[in-house]
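Going by the numbering used here, the letters in the sequence shown line up with residues 212 to 1012, in that order.
Keep in mind that the hints were calculated from the coordinates and are not lab data.
Derived pair list, reagent style BS3-like, types lysine-lysine, alpha-carbon separation capped at 30 Å: (1) Lys809 / Lys752; (2) Lys502 / Lys575; (3) Lys575 / Lys539.
Label-pair ranges, simulated between beta-carbon atoms: (4) His335 / Gly896: 39 to 47 Å; (5) Ile863 / Glu397: 56 to 64 Å; (6) Pro894 / Ser250: 40 to 48 Å; (7) Ile596 / Arg395: 44 to 52 Å.
All figures in this text were calculated on a predicted structure; none of them were measured in a lab.
For each residue, glycine too, the CB sits at the ideal point set by N, CA and C.
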Amino acid sequence: MIVRKSTEIYLDSNATTAVLPAAAQAAREAMEDVYGNPSSSHISGLKARDILESARELCRDVLGARDGQIVFTSGATEAIQMGVFSTLCHVREQRLQASTDADEPRLLLYGATEHKAVPQAIQHWNHLLGIGNRIVEIPVDEQGQLDLEFIREHAANADLICTMAVNNETGVTVPLDDIESAIREENESAMWLVDCVQAVGKFQLSLSETTVDYAAVSGHKIYAPKGIGLLYVRKGSPLVPLLAGGGQEHGARGGTENLPGVAAIAAVLDQLAQSDTKTFAAHQQLLANRKRIVTALKQAFPSIVFNTPFESSVPTTINFAVEGFQNKELLDLFDAAGIRVSSGSACGSRVVGSYVLDAMGLPKWRSEGAIRMSFGPLTGESEIIAACERIEEAGRALCDSCRVLPVSPMQSNSEPVDGLVQLKNGSMCTWCLMDAETGNAIIVDPFEELSSRAESLIRCQQSNVLAILDSHAHVDHDSCRSELLAAVAEFAAPSAQTDDLLGWPAAVDGVVSMEDGTTAPFLQFSSKWIIAQVELPGHTKIGRVYLVGTKTDDGRLPADQVELAFTGDMVLMGGIGRTDFPCSAIDAMYSSLRRLCKLIAPTTILCPTHDYNNEFATTMQRERDSNPFLSSIVCDASPISLETFLKQKPEIDQSITDETNSELICGLIKGPTTSCESALEIPRGELKAFFGKHREAWIIDVREPHEFSFAQDWSELGFETPPKNVPLTRLAGFLPAMVRMHNDAARDVIFLCRSGRRSGVAASVARRLGVTTAKHIAGGIALNVSTRCVADDWSEPGYMI
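Using the sequences and the accompanying hints, generate a full structural model.
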């Protein structure tokens, strides 16, 4: 276990920056000493106005805006709104004066990779003002550069063109000179708005040397506080107040100015104004910092791919993806390691694919796995070094947890994996059953999207793969069983080499008697468990269920000894498999469901191929209780007839809609039942006392091993030893023991994690399967442990401030 550092490494400066000490001091002085209203005529007001106008001159200096207007705003979003609003008001006025309709539809253009504030502002005001222009997205190439020919083709009919100087997700710099030529060669009068949020302080701007009509700047991206920004307006360009009344900002924005914010941003700009290049740090120093971080990332993640084109981007932004990882997994890892990063724009980040990378035409896995690391131009060398060390620690943690393969086997300190591991990608589930004692492993229902993870696990554990099995012939894709078997060929036992369509070995270890009086072939998996194969078609004509349990001395596998059942798409969480495919056998589904109920116990853990609602696993008892149709089929007393089943089942299948989903749905699935019963609302600071009172409870941390390895000081939360770690990927295999424990003695089970989201899922799964004492810490434990950020050393050599 890695001893967690008491400090945080902040690498999310494109989202926001720390406040420069001089800026914080200036804001404090404005609040405490120069608190007069800038519109007042007395001396206190004059002092306040002097701060305001001095700040405006500093803005001109740093932005290279010797003329035009500088309007202080609440931030860049308001500045963008003002530019768009002013342009469209001007357009409407011109049309009213002309009293004629345009011969061709007029356009509003914006770059495909713009911050969402831009297209949303355009859409809002275009609709609200009744302009009716056609909104057109300017495409970009794989390097994130705007299509100049597209701009030339459409500029003549454009009233407004919005571009950005530096992309906030990738750091790509846009050549403003080339954009200007493409616009002005075709249209001298179109308004041009440029988002300069990520450009200020990183390279020199000369706005008065351009025909940029509006430029937006945000204070909290350049070491000033949140809530302050500005809009540059070119001389002669229209400016219509969004906020009317009071006459402040020379009539451009009503309302008393945010003097502390203005004083703070002025303090930052004053430092920038002292630099010949109007930048915070030398470009070569920033390049050196990026090189260090990139080297560390390559060491930590051998399969990394960089989405940022380094030759045409600012050095402070690094966007990357790691094959086999979604961004949520990496965000959790970095956060556990004390490294603060993001998946993209903080304003729109919901840990999904990046629209910026999608617009660049990058593969889906790179978009959905994208991570943005952004250090500030004032980030000190010591923090960069610390960040690189922590990144490499994160990489080693992944190796130790068998999530990725180490460059050298000597680099891994992985512990034996024992039990069931559930690999998930969306709704797809691949199951890996591992035995630490024998080293045996069996993989069930391999998906191509998860095969690299399964391979890493097998190679890391040096497992003996007895078989790679499919539960059925999949409808929407070919099995990757053969490819995965070839990838782990050196670890494959002779039994894994078979001509069987679904991978069942030709030579087995024997035949076992089942609860219904039939027999089934089995493999001896461990000293405790066998794996029996039972033909149960229905969802497809060739369908099987694999049962894991303990064989008795007289060669039986009683239902109550079956711990796990890999049911494919026959029984799913919230439903049963559909039977309307050409390869389905609807009449066989009826008898298969009835037979399955005889072969397993009501509490046997069912492990299906798909998990559509993040419910992980289920039991037949749970499904019968929640699904009247299934209950009517398997009811011993008075089941529905086959004829009734054949009539009702097609009606159920017809109600399935695939169009609303990103993949083929293999059964009619009811939505998950949500409940707040499991949530424990513990006030911040009281968790230590809470855990002290619950020492007899079963405390379970559900974070993945590579996250859990960066353990905080558990004594802060009242633990003498760390809690038990049962990651969500291994929760299904832990459920039988938890259910037995609960049935034997109703002991409290308390799940926890960083934010409370995954622990809430775990508690919901446990309660759904009958563990009524399962609870989780709402809000997680992150806010209850002490951390602090590494302070920037503003005086390090090579930095202007």
